[in-house]
Amino acid sequence: MTDERELKLIESAVGGSPSALDVLWRDNRRWIASVALAHKPVEADLDDVLQDVAASLVRHIGQLRDPSRFRPWLRTLARNAAISTGRRATVARRHLTPLDAHALERPDPSAGRVVDLVAARRETERTLEAMESIAPDQRECLMLRVQGLSQKAIAARLDVPVTTVESRLAKARRKLRETLEREGVVSIEKAR
Amino acid sequence: MTEETLFDRAICGEASEADWAQLNDSAVADPAVWHRLALGLRDNGRLVQAMAEVGDAAEAVELVRPSANRRRWIGAAGWLAAAALALAWVGMPSPPPIADAEVPPEAAAAELVGELPSVLMETRELPDGGGVEVTYLRRLIERRTTAAVFEHAEDELGEPIVVPADLTQHLPQEL
Numbered sequence: 060m061t062d063e064r065e066l067k068l069i070e071s072a073v074g075g076s077p078s079a080l081d082v083l084w085r086d087n088r089r090w091i092a093s094v095a096l097a098h099k100p101v102e103a104d105l106d107d108v109l110q111d112v113a114a115s116l117v118r119h120i121g122q123l124r125d126p127s128r129f130r131p132w133l134r135t136l137a138r139n140a141a142i143s144t145g146r147r148a149t150v151a152r153r154h155l156t157p158l159d160a161h162a163l164e165r166p167d168p169s170a171g172r173v174v175d176l177v178a179a180r181r182e183t184e185r186t187l188e189a190m191e192s193i194a195p196d197q198r199e200c201l202m203l204r205v206q207g208l209s210q211k212a213i214a215a216r217l218d219v220p221v222t223t224v225e226s227r228l229a230k231a232r233r234k235l236r237e238t239l240e241r242e243g244v245v246s247i248e249k250a251r
Numbered sequence: 011m012t013e014e015t016l017f018d019r020a021i022c023g024e025a026s027e028a029d030w031a032q033l034n035d036s037a038v039a040d041p042a043v044w045h046r047l048a049l050g051l052r053d054n055g056r057l058v059q060a061m062a063e064v065g066d067a068a069e070a071v072e073l074v075r076p077s078a079n080r081r082r083w084i085g086a087a088g089w090l091a092a093a094a095l096a097l098a099w100v101g102m103p104s105p106p107p108i109a110d111a112e113v114p115p116e117a118a119a120a121e122l123v124g125e126l127p128s129v130l131m132e133t134r135e136l137p138d139g140g141g142v143e144v145t146y147l148r149r150l151i152e153r154r155t156t157a158a159v160f161e162h163a164e165d166e167l168g169e170p171i172v173v174p175a176d177l178t179q180h181l182p183q184e185l
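So the protein sequences, as listed, match chains A and B. Here the first sequence is numbered in the numbering used here, starting from 60 and rising by one per residue. Here the second sequence is numbered in the numbering used here, starting from 11 and rising by one per residue.
Hints listed in this document are in silico derivations from the structure and should not be mistaken for laboratory results. It cannot be assumed that every hint is accurate.
[As the list claims (entries may be wrong)] Restraint ranges, calculated between C-beta atoms of paired labels, are given here: (1) B:Pro41 <-> A:Leu66: 31 to 37 Å; (2) B:Leu51 <-> A:Glu188: 38 to 44 Å; (3) B:Ile151 <-> A:Glu191: 55 to 61 Å; (4) A:Glu188 <-> B:Glu24: 53 to 59 Å; (5) A:Glu237 <-> B:Asp66: 27 to 33 Å; (6) A:Val82 <-> B:Arg148: 28 to 34 Å; (7) B:Leu51 <-> A:Ser78: 24 to 30 Å; (8) B:Ala157 <-> A:Asp218: 25 to 31 Å; (9) A:Asp86 <-> B:Arg154: 39 to 45 Å.
[What the hints assert, rightly or not] Where chain A lies over chain B, by a calculated footprint (3+ residues, C-beta under 8 Å): (10) 32 to 39; (11) 58 to 65; (12) 145 to 157.
[Unchecked claim] Here's a subset of chain A near chain B, in silico, CB distances under 8 Å, partners left out: (13) Leu105; (14) Met202; (15) Arg236; (16) Glu242.
Beta carbons: idealized from backbone N, C-alpha and C, even for Gly.
From just these sequences and the hints, can you work out the full model?
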C-alpha cells in the first residue's frame, strides 16, 4: 500500500526530482532484489540485474502515469530487467555471499565454530538452490514473504488477489520441502 | 485451508487461535504435522538468512544518472539527426518538417525564426563548364509549440530509442 509520504515522493520523482527518486529507490531496493532474484536465470548476476533496474528507473520514472501504482510498476521493471539481463548473461553463476565467503576463506580460529558455520552455510546454499525448482511467480512470493512482507503487501506489489498470493506461497513451501527431501538435505531426525 | 497455508501463517507469526486449533486437530490425527512444521521453520530460517544477504547486496546499488557530457552528446545526436534530415532535403523543392520522428503529429507547424550562416560542404565544377555545383548545410531556426519533446537514448540492450525529454535537465544551448 502506498502511503501519503511515498505518494508525495513519487509525484516529486515523476516531476523530475533526483533526490525524491533516490529516496524511493533506497526505500524499495531490498524487496526489488527479491523480485530480481526470483526471476533472473541462475547464470545472471544479481548485481547486474539491480544496476539495470536502477538505470531503467531513472530513465522511465517520467512515464509513470498513476503514482499509486508505483510499486507494481517498479516490480514490472525489475522482472523485465531480470529476464532481459538473463538473456545476455554469459558469466558463471556467482553466489552473493561476500560475508560468508570471507568467513570461509579466513576463518577466525578463536571463534571455535568454524565447522558449524561452514555446515550452516552449505545448508543455506542448498536451500537457495532448491528454490530454483520452484516456479518463478511462486518463488517471488516466498522470497518477498521471508523478507517480512505480509500477504496483503505482496498482493499489492504483484497486483494480484491475496488469495493468489496465499496459494502461491503454499505451493512454494510444499515444493521447497519436497525438493530438499529429494535432494537429501538432512532432516531433523538425521541431524540429531 | 491447506496445511501449507497454516504453516505459512504459523512460520510468519500470523496464525490466529483458529489456525492453531486447526493445526492441533490435524496433529491429533497425524503427529507428523509438528515435525513438518519444524522443517518448514528451519527452511524459512535459512531463507531469511539468504534473503538478508540479498537485501544487503541491494543496499550497495545506487541510482546512476547520465553525466552532463553524455546528455550533451545525446543532445548533439539529436541535432545530428536533424542536420541529416535537413541535408536530405537540400535541393528538394519543398522541404519536409525537420526531424519528423521527434515531433508529435499534433504539433503546430513550425515558424521560421531565422537562419544561421550556411556551412559549405563540397564544391564541384560541372563537366560541361556550365557552372559549379555547391553542396552546403542550411541551418534554419524554427519555433513550434508541441505537447512533448523527445530525445534519443538507449534501451537496456544498447539499442537506440526515442524517449520523452526531461526538459529540466537540458541546458538552453542543447535544445
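How the hints compare with the structure:
no.	hint	verdict
1	B:Pro41 <-> A:Leu66: 31 to 37 Å	violated (50 Å)
2	B:Leu51 <-> A:Glu188: 38 to 44 Å	violated (20 Å)
3	B:Ile151 <-> A:Glu191: 55 to 61 Å	holds (59 Å)
4	A:Glu188 <-> B:Glu24: 53 to 59 Å	violated (28 Å)
5	A:Glu237 <-> B:Asp66: 27 to 33 Å	holds (29 Å)
6	A:Val82 <-> B:Arg148: 28 to 34 Å	violated (48 Å)
7	B:Leu51 <-> A:Ser78: 24 to 30 Å	violated (42 Å)
8	B:Ala157 <-> A:Asp218: 25 to 31 Å	holds (29 Å)
9	A:Asp86 <-> B:Arg154: 39 to 45 Å	holds (40 Å)
10	32 to 39	violated (count 0)
11	58 to 65	holds (count 7)
12	145 to 157	violated (count 0)
13	Leu105	holds (6 Å)
14	Met202	holds (6 Å)
15	Arg236	holds (6 Å)
16	Glu242	violated (13 Å)
Of the numbered hints given earlier, the model fails hints 1, 2, 4, 6, 7, 10, 12, 16; all others are met.
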